[in-house]
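Please put together the full structure from these sequences, using the hints given.
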Amino acid sequence: MTTPGQNYGVGSGVGGAGGAAGGTVAGSAVALPPRPGADAPAPRRPSARLRSTPPRRLWTLGSVLALLAVLFGALTVTQVVQSSNAASSVVTHSQPLSDDAAQIFHSLADADTTAATGFLQAGNETDAVRKQYNNDIQTASTLLAQAAASTSASDPGQQQIQQLNSQLPVYTGLVDTARADDRQGLPLGGAYLRYASGQLQNVMLPEAQTLYAAETARLHQDYANAEALPWAAIGLGLVTLGALVWAQIRLFRRTNRVFNVGMVVATAATAVAVIWLTAAQSIAASDLNASNTRGAAPLQVLNEARITALQCRGAENLNLVARGSTDTYETAWAKVSAQLAGKNGYLSDANGMTASDPTAQNPIRVAAAAFTTWQQRHDTAKSANDHGDYTTAVNDTIGVAGATSTQTTSAAFTQLDDSLNTAISRERANFHSLADAGRGDTALLAEGAGVLAALAAAGALLGINRRVAEYR
Amino acid sequence: MSGKKTRAVVLAAAALLLATVALPGSSAAEPPTLRATTASAPDLAPAATTCDTGASLQPSTSDSGPGVQRIKQRGKLIAGIDTNSYLWGFRDPATGNLQGFDIDLVHALAKSILGDSNAVEFLAVPTANRISALKNDQVDVVVRTMTITCARLLQVSFSSPYFVAGQEVVAPKSSPITGFDDSLKGKRVCAATGSTAADLLKQTSHGATVVPVANQLDCLVQMQLGNVDATITDNALGAGQVAQDPTIHLVGGTLDQELYGVAMKLGASDLVRRVNAVLQDFLANQWDTEYNLWLKPLGKSPGAPRVHYAG
Numbered sequence: 045m046t047t048p049g050q051n052y053g054v055g056s057g058v059g060g061a062g063g064a065a066g067g068t069v070a071g072s073a074v075a076l077p078p079r080p081g082a083d084a085p086a087p088r089r090p091s092a093r094l095r096s097t098p099p100r101r102l103w104t105l106g107s108v109l110a111l112l113a114v115l116f117g118a119l120t121v122t123q124v125v126q127s128s129n130a131a132s133s134v135v136t137h138s139q140p141l142s143d144d145a146a147q148i149f150h151s152l153a154d155a156d157t158t159a160a161t162g163f164l165q166a167g168n169e170t171d172a173v174r175k176q177y178n179n180d181i182q183t184a185s186t187l188l189a190q191a192a193a194s195t196s197a198s199d200p201g202q203q204q205i206q207q208l209n210s211q212l213p214v215y216t217g218l219v220d221t222a223r224a225d226d227r228q229g230l231p232l233g234g235a236y237l238r239y240a241s242g243q244l245q246n247v248m249l250p251e252a253q254t255l256y257a258a259e260t261a262r263l264h265q266d267y268a269n270a271e272a273l274p275w276a277a278i279g280l281g282l283v284t285l286g287a288l289v290w291a292q293i294r295l296f297r298r299t300n301r302v303f304n305v306g307m308v309v310a311t312a313a314t315a316v317a318v319i320w321l322t323a324a325q326s327i328a329a330s331d332l333n334a335s336n337t338r339g340a341a342p343l344q345v346l347n348e349a350r351i352t353a354l355q356c357r358g359a360e361n362l363n364l365v366a367r368g369s370t371d372t373y374e375t376a377w378a379k380v381s382a383q384l385a386g387k388n389g390y391l392s393d394a395n396g397m398t399a400s401d402p403t404a405q406n407p408i409r410v411a412a413a414a415f416t417t418w419q420q421r422h423d424t425a426k427s428a429n430d431h432g433d434y435t436t437a438v439n440d441t442i443g444v445a446g447a448t449s450t451q452t453t454s455a456a457f458t459q460l461d462d463s464l465n466t467a468i469s470r471e472r473a474n475f476h477s478l479a480d481a482g483r484g485d486t487a488l489l490a491e492g493a494g495v496l497a498a499l500a501a502a503g504a505l506l507g508i509n510r511r512v513a514e515y516r
Numbered sequence: 077m078s079g080k081k082t083r084a085v086v087l088a089a090a091a092l093l094l095a096t097v098a099l100p101g102s103s104a105a106e107p108p109t110l111r112a113t114t115a116s117a118p119d120l121a122p123a124a125t126t127c128d129t130g131a132s133l134q135p136s137t138s139d140s141g142p143g144v145q146r147i148k149q150r151g152k153l154i155a156g157i158d159t160n161s162y163l164w165g166f167r168d169p170a171t172g173n174l175q176g177f178d179i180d181l182v183h184a185l186a187k188s189i190l191g192d193s194n195a196v197e198f199l200a201v202p203t204a205n206r207i208s209a210l211k212n213d214q215v216d217v218v219v220r221t222m223t224i225t226c227a228r229l230l231q232v233s234f235s236s237p238y239f240v241a242g243q244e245v246v247a248p249k250s251s252p253i254t255g256f257d258d259s260l261k262g263k264r265v266c267a268a269t270g271s272t273a274a275d276l277l278k279q280t281s282h283g284a285t286v287v288p289v290a291n292q293l294d295c296l297v298q299m300q301l302g303n304v305d306a307t308i309t310d311n312a313l314g315a316g317q318v319a320q321d322p323t324i325h326l327v328g329g330t331l332d333q334e335l336y337g338v339a340m341k342l343g344a345s346d347l348v349r350r351v352n353a354v355l356q357d358f359l360a361n362q363w364d365t366e367y368n369l370w371l372k373p374l375g376k377s378p379g380a381p382r383v384h385y386a387g
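First to last, the sequence lines map onto chains L and X.
Each residue of the first sequence is one higher than the one before, counting from 45 in my numbering.
Each residue of the second sequence is one higher than the one before, counting from 77 in my numbering.
Since the hints were made in silico from the structure, they are not lab data.
Be aware that a few hints might be false.
In the SDA-like style, the derived pairs of lysine to any residue whose C-alpha atoms are separated by at most 25 Å in a straight line are [stated by the list, open to error]: (1) L:K426 with X:A170; (2) X:K211 with L:D433; (3) L:K426 with X:E197; (4) X:K249 with L:G217; (5) X:K148 with L:T436; (6) X:K187 with L:T436; (7) X:K152 with L:D423; (8) X:K211 with L:H431; (9) L:K426 with X:D213; (10) X:K148 with L:H431; (11) X:K263 with L:V214; (12) X:K152 with L:T436; (13) X:K187 with L:D433; (14) L:K426 with X:D168; (15) X:K152 with L:H431; (16) X:K187 with L:D430; (17) X:K278 with L:T372; (18) L:K426 with X:H183; (19) L:K379 with X:S208; (20) X:K263 with L:G242; (21) X:K152 with X:P135; (22) X:K152 with L:T435; (23) X:K211 with L:A378.
Bear in mind that the values here come from a model prediction, so they are computed numbers and not experimental data.
Laid out in structure tokens, this is it:
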């Protein structure tokens, strides 16, 4: 690049800067107009002579500018890395943990429901039911082990993880006792299963819920960190930019030379860095926010819906296992089904949250319709049970052994669960694509900002050096 | 029958009964304070603690009353039962069929009243809902190891007694608990909510902490898991627990004498008489067989309770 300033500087670089002349006028400010290419001969030891001279002040100016640029670069890299780590944490750590906690909750609730189904099938317990129960227990224990490994001892969920880890084998022991007693024809088996279920519903599920809440809180914290704009870096960038512009105006006034390549490069690099930083972080924050509102948030509601549906199913099954010895479960059904499908229930929430995404909303509507069917069949089965027709109630609920029935509450529940699962897959995919986009938005930003800041610092130093050289 | 006449007969019969104590199977060592029956029982209605729980209305085979007619017109007897009382009312897990002493009695009622022992709608009712189920007409009869008590007689009508039981402590054989006494001090004792045992513990707990559960069978679970040290229930149900767990035993003898009766809606006197007629036959001809079929864990048959009628 050739500029008048540069040409001039090169041409007149021979003349040394007059130390004494500048020195007498010295103020504290760097602002004194030096006379480039003026009087004084080149000093032998510039470093000593430059004290309180225009070249020295120029060096100070250059150093300050370079320092600002370096600080800006460092701060930018730090903040970008921080928010990018937070974004990574959302995707690789806290969201999966929150999702895992929901899965732990889900598999525990499913184990409870399935154990009751197997119990109602009594001697005719099907392979599918037995396998599902075993899978649930295995999933829960695997995820608990994973969760224990990926959280540190000080994490809020750690306590729940430990408790659940120790309670899970106790629960399975109770279920096994219930089965063994039942097979011997002892009514004690039913009492054991109700006790096991009570432990799960009243002790373990609340712990799983707390764990889920803790992991979800961490997810929200990571989201907040990732979405926060790096105001300090942006501010320092603007200050650096201002200082560069101000310095160039000063130089221009002193030298009447408009452009100084180094300074121009420094200014441009800083400006690009500030704009890049602001724009990329804003877009990333927006994408991450979308990954929350269009992914993680509905995913949470759907997870809750699925768990609540399981609790309804559990209450329904256990009401039959209880064989009329308590009305706890019918009360539980009423309460939990209202949480699921009531006016402000999870299904209605999820429906509202997915208004802009028919791919997710449609299965949620199917799930809501399935619940209506379920409620009708539940009422039919309940009515049969209330009139003493226990066998019909059981058949309406879990189907007839060996036959495939589509008119059971079980079939309606399965349809609801499958639909919710479809919606969950969709939201999970939404989350990942939007969160990945959010992370992609700041790709190379840290490196780029570092390079640009270094360029700005070098430019400032070189530009000033050029002017200083004019004093020699 | 007029109320005055009834009262007079009740009074006379009560005096007679309590003078002779005609009921078998009662423990000699029962504490008098826990007895529901007392010598001065002049009136059934106003006093809850003084009544004759052993006396019911004269049997009659007449089907003309409104209570019986309701059942006949429906063609089905709706019976409130328990499905978790081993030996008394429980469901065979393999077949799903209800069985037990109480269930057989319900079948006998249906056979006599409707001519078909299977013309029954069994409705499982929780312990605490037995009375409300009758009040709300959900069931015609409750045959569910239900003790005739003076307090309950204010709310429902009872048939003549068909079984004599008594509250008794159930504890692990290895436990130092010796009965309903100071050996319970500091122990956790389980009882079903709304049961006679719960009332008993309310009167005096012997320093034990009471753990309430929905059903006496839940007590066995709690006891096996070591969450409670003992259970108080009646010996008939306690025998059902012992039959399911040979490491526990009934200990200390019965604390009182409790008469199981068929409960019906308060004032359904025609149905009470009709049921008493069935029971008369059941006690005479079927009782021993049923006892030997279901209740052997309780020991040798003491013979059917001898009943008397008042009014």
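Against the structure, the hints:
The suggested pairing of K426 (chain L) with A170 (chain X) holds, with an alpha-carbon distance near 22 Å, which does not exceed 25 Å. Our distance criterion of 25 Å between C-alpha atoms is met by K211 (chain X) and D433 (chain L), whose separation comes to about 21 Å. A distance of roughly 14 Å separates the Cα atoms of K426 (chain L) and E197 (chain X); the hinted pair therefore holds under the 25 Å criterion. Distance check on the hinted pair: K249 (chain X) and G217 (chain L) sit about 23 Å apart at the alpha-carbon level, within 25 Å; holds.
Taking the CA atoms of K148 (chain X) and T436 (chain L), the gap is about 24 Å. The hint holds against a cut of 25 Å. About 23 Å separates the Cα atoms of K187 (chain X) and T436 (chain L), which keeps this hinted pair within 25 Å; it holds. Taking the CA atoms of K152 (chain X) and D423 (chain L), the gap is about 22 Å. The hint holds against a cut of 25 Å. With a C-alpha separation of about 16 Å, the suggested pairing of K211 (chain X) with H431 (chain L) holds against the 25 Å cut-off.
Restraint check for K426 (chain L) and D213 (chain X): satisfied, since their Cα atoms lie roughly 18 Å apart, inside the 25 Å limit. The straight-line distance between the Cα atoms of K148 (chain X) and H431 (chain L) is roughly 17 Å, inside the 25 Å bound, and the hint therefore holds. Between the alpha carbons of K263 (chain X) and V214 (chain L) the distance comes to roughly 24 Å, so the proposed pair stays at or under 25 Å and holds. Of the pairs offered as hints, the one joining K152 (chain X) and T436 (chain L) holds, with about 17 Å between alpha carbons and a cut-off of 25 Å not exceeded.
A C-alpha spacing of about 19 Å is found between K187 (chain X) and D433 (chain L), which places the hinted pair at or below 25 Å, so the restraint holds. Proposed proximity of K426 (chain L) and D168 (chain X) is supported: the alpha carbons are some 21 Å apart, at most 25 Å. Distance check on the hinted pair: K152 (chain X) and H431 (chain L) sit about 11 Å apart at the alpha-carbon level, within 25 Å; holds. Taking the CA atoms of K187 (chain X) and D430 (chain L), the gap is about 22 Å. The hint holds against a cut of 25 Å.
Using a Cα cut-off of 25 Å, the hinted pair K278 (chain X) and T372 (chain L) holds, with the two alpha carbons roughly 24 Å apart. A hinted pair counts as satisfied when its Cα atoms are at most 25 Å apart, and K426 (chain L) with H183 (chain X) qualifies at roughly 24 Å. Of the pairs offered as hints, the one joining K379 (chain L) and S208 (chain X) holds, with about 23 Å between alpha carbons and a cut-off of 25 Å not exceeded. A threshold of 25 Å between alpha carbons decides the hint, and for K263 (chain X) with G242 (chain L) the separation of about 23 Å falls inside it, so the pair holds.
Proposed proximity of K152 (chain X) and P135 (chain X) is supported: the alpha carbons are some 21 Å apart, at most 25 Å. Proposed proximity of K152 (chain X) and T435 (chain L) is supported: the alpha carbons are some 17 Å apart, at most 25 Å. Using a Cα cut-off of 25 Å, the hinted pair K211 (chain X) and A378 (chain L) holds, with the two alpha carbons roughly 24 Å apart.
The structure is consistent with each of the numbered hints, conforming to all of them.
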